[in-house]
Amino acid sequence: MPKVVDNIQIGPLVWKMRVEVPRLVAKAKAGQFVIIRVNENGERVPMSIAGLDKENGLLTIIYQVVGKTSAAMTTAPDGGEISDCVGPLGLPSHVDNWGTAVLVGGGIGIAPIYPIAQAYKEAGNKVHTIIGARSKDLLFYIDEHRAVADELHICTDDGSAGHHCFVSDILKQLLDGDEKIGMIMAIGPVIMMKVIAKLTRSYNVPTWVSLNPLMIDGTGMCGGCRVTIGDETRFACVDGPDFDGHKVDFDLLTSRLGAYKEQERAAMKRFLANPGCKLAPAVAAFSYPDEAK
Amino acid sequence: MADTIEKKERMKIPRQTMPEQKPDVRKTNFKEVPFGLTEEQALLEATRCIECKKAPCIPGCPVEVDIPGFIRLIVEKDYAAAARKIKETNSLPAVCGRVCPQEEQCEIVCTLHKKFKPVAIGYLERFVADYERENHLVQLPEIAPPTGRKVACVGSGPASLTVAGDLIKLGHKVTIFEALHKPGGVLVYGIPEFRLPKAIVQAECDFMAEMGVEFQNSIVIGKMDTIDELFEMGYDAVFIGTGAGLPNFMGIPGENLIGIYSANEYLTRSNLMRAYDFPNNDTPIIQGKNVAVLGGGNTAMDSVRTSLRLGADNAYIVYRRSEAEMPARAEEIHHAMDEGVEFHMLTTPINFIGDDNGKVKAMECLRMELGEPDASGRRRPVPIEGSNFVMEVDLVVVAIGNSSNPLIPRTTPGLDTNRWGNITVNEETMLTSRKGVYAGGDIVTGGATVILAAGAGKKAARAIHKYLMEEVKK
Numbered sequence: 001m002p003k004v005v006d007n008i009q010i011g012p013l014v015w016k017m018r019v020e021v022p023r024l025v026a027k028a029k030a031g032q033f034v035i036i037r038v039n040e041n042g043e044r045v046p047m048s049i050a051g052l053d054k055e056n057g058l059l060t061i062i063y064q065v066v067g068k069t070s071a072a073m074t075t076a077p078d079g080g081e082i083s084d085c086v087g088p089l090g091l092p093s094h095v096d097n098w099g100t101a102v103l104v105g106g107g108i109g110i111a112p113i114y115p116i117a118q119a120y121k122e123a124g125n126k127v128h129t130i131i132g133a134r135s136k137d138l139l140f141y142i143d144e145h146r147a148v149a150d151e152l153h154i155c156t157d158d159g160s161a162g163h164h165c166f167v168s169d170i171l172k173q174l175l176d177g178d179e180k181i182g183m184i185m186a187i188g189p190v191i192m193m194k195v196i197a198k199l200t201r202s203y204n205v206p207t208w209v210s211l212n213p214l215m216i217d218g219t220g221m222c223g224g225c226r227v228t229i230g231d232e233t234r235f236a237c238v239d240g241p242d243f244d245g246h247k248v249d250f251d252l253l254t255s256r257l258g259a260y261k262e263q264e265r266a267a268m269k270r271f272l273a274n275p276g277c278k279l280a281p282a283v284a285a286f287s288y289p290d291e292a293k
Numbered sequence: 001m002a003d004t005i006e007k008k009e010r011m012k013i014p015r016q017t018m019p020e021q022k023p024d025v026r027k028t029n030f031k032e033v034p035f036g037l038t039e040e041q042a043l044l045e046a047t048r049c050i051e052c053k054k055a056p057c058i059p060g061c062p063v064e065v066d067i068p069g070f071i072r073l074i075v076e077k078d079y080a081a082a083a084r085k086i087k088e089t090n091s092l093p094a095v096c097g098r099v100c101p102q103e104e105q106c107e108i109v110c111t112l113h114k115k116f117k118p119v120a121i122g123y124l125e126r127f128v129a130d131y132e133r134e135n136h137l138v139q140l141p142e143i144a145p146p147t148g149r150k151v152a153c154v155g156s157g158p159a160s161l162t163v164a165g166d167l168i169k170l171g172h173k174v175t176i177f178e179a180l181h182k183p184g185g186v187l188v189y190g191i192p193e194f195r196l197p198k199a200i201v202q203a204e205c206d207f208m209a210e211m212g213v214e215f216q217n218s219i220v221i222g223k224m225d226t227i228d229e230l231f232e233m234g235y236d237a238v239f240i241g242t243g244a245g246l247p248n249f250m251g252i253p254g255e256n257l258i259g260i261y262s263a264n265e266y267l268t269r270s271n272l273m274r275a276y277d278f279p280n281n282d283t284p285i286i287q288g289k290n291v292a293v294l295g296g297g298n299t300a301m302d303s304v305r306t307s308l309r310l311g312a313d314n315a316y317i318v319y320r321r322s323e324a325e326m327p328a329r330a331e332e333i334h335h336a337m338d339e340g341v342e343f344h345m346l347t348t349p350i351n352f353i354g355d356d357n358g359k360v361k362a363m364e365c366l367r368m369e370l371g372e373p374d375a376s377g378r379r380r381p382v383p384i385e386g387s388n389f390v391m392e393v394d395l396v397v398v399a400i401g402n403s404s405n406p407l408i409p410r411t412t413p414g415l416d417t418n419r420w421g422n423i424t425v426n427e428e429t430m431l432t433s434r435k436g437v438y439a440g441g442d443i444v445t446g447g448a449t450v451i452l453a454a455g456a457g458k459k460a461a462r463a464i465h466k467y468l469m470e471e472v473k474k
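Listed in order, the protein sequences are those of chains A and B. Take the first sequence: its position 258, counting from 1, is numbered 258 in this note's numbering, and each next residue is one higher. Take the second sequence: its position 331, counting from 1, is numbered 331 in this note's numbering, and each next residue is one higher.
Check before you lean on any hint, since a few could be wrong.
Claimed, not checked - Heads up, simulated BS3-like pairs for lysine-lysine below, C-alpha to C-alpha not over 27 Å straight-line:
1. K289(B) <-> K261(A)
2. K278(A) <-> K261(A)
3. K261(A) <-> K361(B)
To be verified - Chain B stretches covered by chain A per the calculated footprint, using a threshold of three residues with CB under 8 Å from any CB of chain A:
4. 147-157
5. 162-173
6. 273-281
7. 381-389
8. 424-430
Simulated from the structure, these hints should not be mistaken for lab results. If you're wondering where the values come from, they're calculated on a predicted model, not measured in any experiment. Don't be surprised by glycine CBs; every beta carbon is placed ideally from N, CA and C.
So that you can see chain B by itself, here it is in the shape it has in the complex (with noise of 0.2 Å):
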C-alpha cells in the first residue's frame, strides 16, 4: 500500500491522537491513561513515514533502533515481524515505548517535523509491542550453544534486563539479583501503574525466565553476598545495575515530620506494595487532602498525579525554577496539568512546620528569581528577600532526585566512584576499575532515562561477551 501512496499524499495525513481516559475520569483510577493506537490508526500513523534515504530518527535513538525498518513491517502489517525488529537493539520495546522522551530523542529529529507534526514512533512501538504480547505472537528468539561461562548482573532494571537479554542468548548463563521480592527496578516500584502497568513489567520479565535467565529476588548482593562472592561462587562476569536508589531530601527543619516522604518511599509503597488498594493490601500509604510535591521531574509527575488518585483535593508541584527549566516529559507536564495539578514553579520551601501530633501541617516558601546559568548550564534560582509565605500541606513528597546507592562500592574493594558515588566506566565498554565488572544505568550517570540504561545495557553486554570468550578459558 505504502508504495502507491505519494509522499505528498503520506504527508497529508495528521500524526493520528492518542486515545487516552479523560481528565476527570482517569484521576480517580490508576488504569494506565493513554489506551494505545487502534490498528487502523497505527496503520495510519506507519504511512506518514516518508523512508528517507538518511533516516535522521535512527541517530536520534539512544539505541539506534531500525526506526524505518520496524515502520514498514506495521505499513505490510506484519507487526510481530515489527516488534522483533524492534528487540534486535531494544529488548523492552513496550516499555520504551511508553516511557521514553521521543519528543527529545527519535521524533525530535524526524524529517516531517520541519514541516507538519513527528510520525509518532513511540506509539508506533507500543502498538507493535502490545500486539505481539496480547496475540501471544512473542518468539523465544535462537539460544546458542552453552559456553560454559556465567554472569551474574546485580538489580533487575532496565540495564540488567538488557544485559541478561542479550548474554542468554549468545549461551551464557545468566543470574539477576534483585533486592526488592519482585523484579522490574524502577519500572515495577518507580513507575506508577498508569503509566506503565506491572503485567506489561512482569511480562518481559517473565519473557527473560522462559530464555532462560534465573531470577533471585530478595537477595540483596552487598549484604547477602558480596560481589567478590559472586565470583567466589562461580561468576564469570557481573553487571551492576542497581540504580540510583538514595533518595535526595531538602535538608532544611521538620523534613522527618510524619506526612513528609522521598519519592521512592511514597512511590515503592503506592507501587510495588500496591497501597492504593489498601486494605487489599497491608502496605498503607497517608492519604494527604493538600498535597504539595517537590521537584519537576518524571518522579515528581509521577508522585503529584498519584496523589490525587489518591484522594488529594489540592496537588501542587512546587518547583524552585521555571516551566521552561523542568526536566520532566512535556507529555506527563500536561497530563499533569489536565489533571488539576497546580504549578508553583520559582517556589522553594525553607521548613515544615508540624501540629502537635508530630504531622505536617505547612510548609514555609521562599519565591525566587532566575539568575545566571549554574553548572548543569540552566539559570540558577535566586531567592527573593522577603517573599517568604506559608502553603497549608498535609502531605509532601521530596522529589528532587536520587544519588547513587552506596552498598556495592562500599562493599566492593578497588571499585572506583566519582564524588557523587556514581561508578566510574569506560563510555564504550562500561567497564569498571575492576577487572570482570560492569556497570551501566543510574548507578553509572545518575538518575536517567530508561532508555539509557538499556543502551548501556547493550554495550556492556558486548563488552562483556568479548571478555568471557576471549578472557575466561573454560
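With the rest of the complex left out, here is chain A (with noise of 0.2 Å):
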C-alpha cells in the first residue's frame, strides 16, 4: 500500500498530499493523474499530478475537501498509507514551443496547471501564468510558479490579494497586448475553463482544458468519464485528460458532475457525525455552499 509521507493543509479546505510511488513518478509527466482510494471501502477517485519529485520517487497531489473521500483523505497521517494510487493515467500534456504560451490556473486547478507550465518552459515557451482564487487563502503555490514562469499574474476575486477581477480579465488584457499567444492551457472549476473557451473563441488562439468527470477504472473500461466533444463522445481517462476547450460541451460535464448529489451529501453528514477519528477543526465544521447551517 502507497505510503504517505506527508499530508499538510496548506487553505483552508486544502490540503497537499504526497505519496512515495517510486515506479508511478519515474513515468508520470504533466497533465496526467492518477486514481486514489483512501481506504478498502473507499471509491476510486481521480487526483491531478501537482508534481512530481523523480529524484525521490514522491508524487505530490492537492485536493480540496468537497466531500467525504476528500475529507477521509485529510485524517491519513504522515508516515501512514492509503489504499491504492494507480497511474499514470491519462495521456500527457501536448508540450511544444508555441513560442509564447499563457497558463491559466483557478481555484484548486493552480496546482496541475504547475507541472505543465514546467514543461512548457523547458520547451522554450515565454510563459505567461495566471492564477486566480476567490480570495487570498485560497492562494498556494505563489513561489513555485513565480520560479517557473516569465510573468506571474495573481488575482483574487474579493481583492485580498493581486489583482481584483477574474483569470478571464487578465487574459482579455494579454489578448488584447501587443505578444502574439500560440497557446492557452486551462484548469480549474468548469466554469471557469468554460468562459475562458469562450473568450479565446473569439481570438482564434487555441486552448487546452483539463476536464474532471467522475471515474471508477482510469483505464477506458466503463464510459463513466465520457465527455462530449464536437459531436463525438470520449473518455476523459484514455482520450484525455486535455480536450480542445472549443470543442468540449461544458454543460454536459456540469450536469454528470451532480449525477450522485444526493448520496455525496448523505456520505458527508455521516461521516461528518460519525469520523472515527479527529478531523482538522476546517473539516468539521464543513457544510455545502448551498446549505442552510
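With the hints in hand, could you dock these two chains into one complex?
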C-alpha cells in the first residue's frame, strides 16, 4: 500500500499530500492523473498530478475538501498509508514551443497547471501564468509558479491579493496586448474553463482544458467519464484529460458531475457525524455552500 | 456402489434439482441464488452417469475435462480427489461449475440427454470444488524445480489465472499484473455476487499466490510499463489476458444523460466497488425504479437482476431480436423471468429523453421484425416503420457487448490486431505477431465465456513452456 510521506493543510479546505510511488513517478508526465483509494471501502477518485519529485519518487497531489472521500483523505497521517494510487493515467499534456503561451490556473487548478507550466518553459516557451482564487487564503504555490513563469499574474475575486478581478479578465488583457499568444492551457472549475474557452474562441487562439468528470477504473473500461467533444463522445480517462476547449460541452460535464449529489451529501453528513478519528477544525465545520447552516 | 447398480436402474434416477433461493426472496438480496447440491444429491446424481465407453461429454467440454473420471471419484466419495481430477485440465472448477453454459457444452451431448435429462455435470463440478475448499482439503500441487525463467501475465481474469497456474507448477516465476485493485478480472467486476461469490474468486487467487504466483494489483501495463519494458525488466515471455474491456454504446441521441450506464460501469460499481452496500462502501450507484437493460446476453441478465436487487419496481430487458436468439444462458433467462423481469423482445431504442436536470426519464423505441440472416447467422432485425413508442425509464444499462480495450495494442509496436481490435494469434499456440508474446481470452475472441478463456490459457501455457525451455537460454 502506498506510503503517505506527508499530508499538510495549505488553505482553509485545501490539503497537499505527498505519496511515495517511485515507479509511477518515474513514468508520469505533466497533465496526467492518478486514481486514489483512501481505504478498503473507499471509492476510486481521480487526482491531477501537482508535482513529480523524480529523484525521491514522490508524487504531490493537492486536493480540496468537497465530500466524504476528500474529507477522509485529510485524516491520513504523515507516514501513514492509502489503499491505492494507480497511474500514471490519461495522456500527458501536449507540449511544444509556441513562442508565447499562457497558462491559467483557477482555484484548485493552480496545482496541476504548475508541472505543465514547467514543461512549457522547458520546451522554450515564454510563459505567462495566471493564477486566481476567490480570496487570498485560497491561493497557494505562488513561489513555485513565480520560479517558473516569465510573468506571473495573480488575482482574487475579492481583491484580497493581487488584482481584483477574474482570471479571464487578465487573459483578455494579454489577448488584447502586443504579444502573439500561441497556446492557452486552462485548468480550474468547469465554469472557469467554459468562460476561458468562450473568450479565446473569438480571438482564435488554441485553448486546451483539463476535464475532471467522475471516474471509476480510469483505463477506458467503463465509460463513466464520457464527455462530448464536438459531435463525438470521448472517454476523459484515455482520450484526455486534456481536450480542445472550443469543442467541449461544458454544460454536459457540469450536469454529469452532479449525478450523485444526494448520495454524496448523505455520505458526507454521515462521515462528519461519525468520523472515527479527529478531524481538522475546518473539515469538522464543513458545510455545502448552498446549505443553510 | 456404482458397480452393483445396473445401468437401467441408474437411468431411472431423476436428475437432481438444484436447491435455490425462492425468487421473491432472492431478488431482495445479493446472496448466491443456487445453494449447491447436498452430498446425498451429489451421490445420487453421480450414480446417474452410465460411464459410456466413448464419453461424448469429454469433447463437449472446451478444455476436455475427464468428466467420467471425476464423477467416478464422487461415487467413491473421494470428493477432494474428484476436484483434483478436474484441476488437471481446468484450474477454476468452482467458477466454471457456476458459470459455464454446460447446457451447450458437456451436458447437451450426454448420452442420457437423448431420452432423459443429462447428468448435471456442472452441479457436480461445483459440488466437489466447494467441498474441497470448504473442508480445507485443497492441496498444493508439486512444483517443479525453478527453471530460472520469468513470465508476465497482463490482466488477472480466467485466461491469465489459468496460464499462471500451469506455468508456476512447471517451475517458472510468474507475475500477474492487474489494473484494478483486486484480481479476478471479469470474475470480480463483471459477474455479480449472486452468481459468483467474490470470496470464491479470492480463494482461487489466494491458491495461486500460495503456489508462488506474484500478484501486482493497481498496475496498468500500457501506462506504467509497456510490454517492451516488461522484457527489459527481465521477463522472458508475456501473456496478454486483458479482456474485452471497451464498452459498446448505442450511439443514439441522449446517451450521455445521467442515469445511462454501460454494463461495465454498472456492474463494476455494484460488484467490485460493492455499491449495493452503500454507504458502508463509498461508491454510489443510481437505484432506478424503472430500469431498462439493453441487450440479451449474460451481462444483460446480470445487470437487470442487479437492478431488481437494488430496488427497481420495474425491470425490463429490451432486446432487438427474439427470445430464441438471445445468447444468455437459458438458466439465467429463467432466473430473470422468475424474479419478475419483463422481456421486451424485437424492440430497440432510438433515443433517450432527459428531464430538466439532465437525467434520463424516458426512452423512445421502435419495434422490430426478423428479416434475413446476418453475418452471425442469426436473422437480422428490421425496424417496423411508425411503430415508435415511449418507455418511461429512470435508469438504462447498455449491455450490448464489449470490444477490445486498445491500451495494449496501442503501446506494443508490432502487435497485430484484426479490424475489431482483437489480437490475432496462432490458434494452437496463442502466439501473437511478436516473439515471446502470447494472448488469449476475450482480447482475442471478443466477449465470450470463462471456460473458453481458461482453455486458451491452457494452450498458451503449453506453448510458453515449450518456448521458454527451448528458446530462452539460462
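Consistency of the hints with the structure:
1. Of the pairs offered as hints, the one joining K289(B) and K261(A) holds, with about 18 Å between alpha carbons and a cut-off of 27 Å not exceeded.
2. For the hint linking K278(A) to K261(A), the alpha-carbon distance of about 25 Å falls within 27 Å, and the restraint holds.
3. This hinted pair checks out: K261(A) and K361(B) have alpha carbons roughly 18 Å apart, not beyond 27 Å.
4. Here's how the region 147-157 of chain B fares: 0 of its residues keep a CB closer than 8 Å to some CB of chain A, so the rule of at least three is not met and the hint is violated.
5. Only when three residues or more bring their CB closer than 8 Å to a CB of chain A does the claim for the region 162-173 of chain B stand; here the count is 0, and the claim is violated.
6. A count of 6 residues in the region 273-281 of chain B with a Cβ less than 8 Å from any Cβ of chain A is obtained; the coverage claim is therefore met, three being the minimum.
7. Beta-carbon proximity to chain A at under 8 Å applies to 0 residues in the region 381-389 of chain B; the threshold of 3 is not reached and the given coverage is violated.
8. Counting residues of the region 424-430 of chain B whose CB lies closer than 8 Å to any CB of chain A gives 0, so the stated coverage by that chain is violated, three being the minimum.
Going through the hint list in order, the structure does not satisfy hints 4, 5, 7 and 8.
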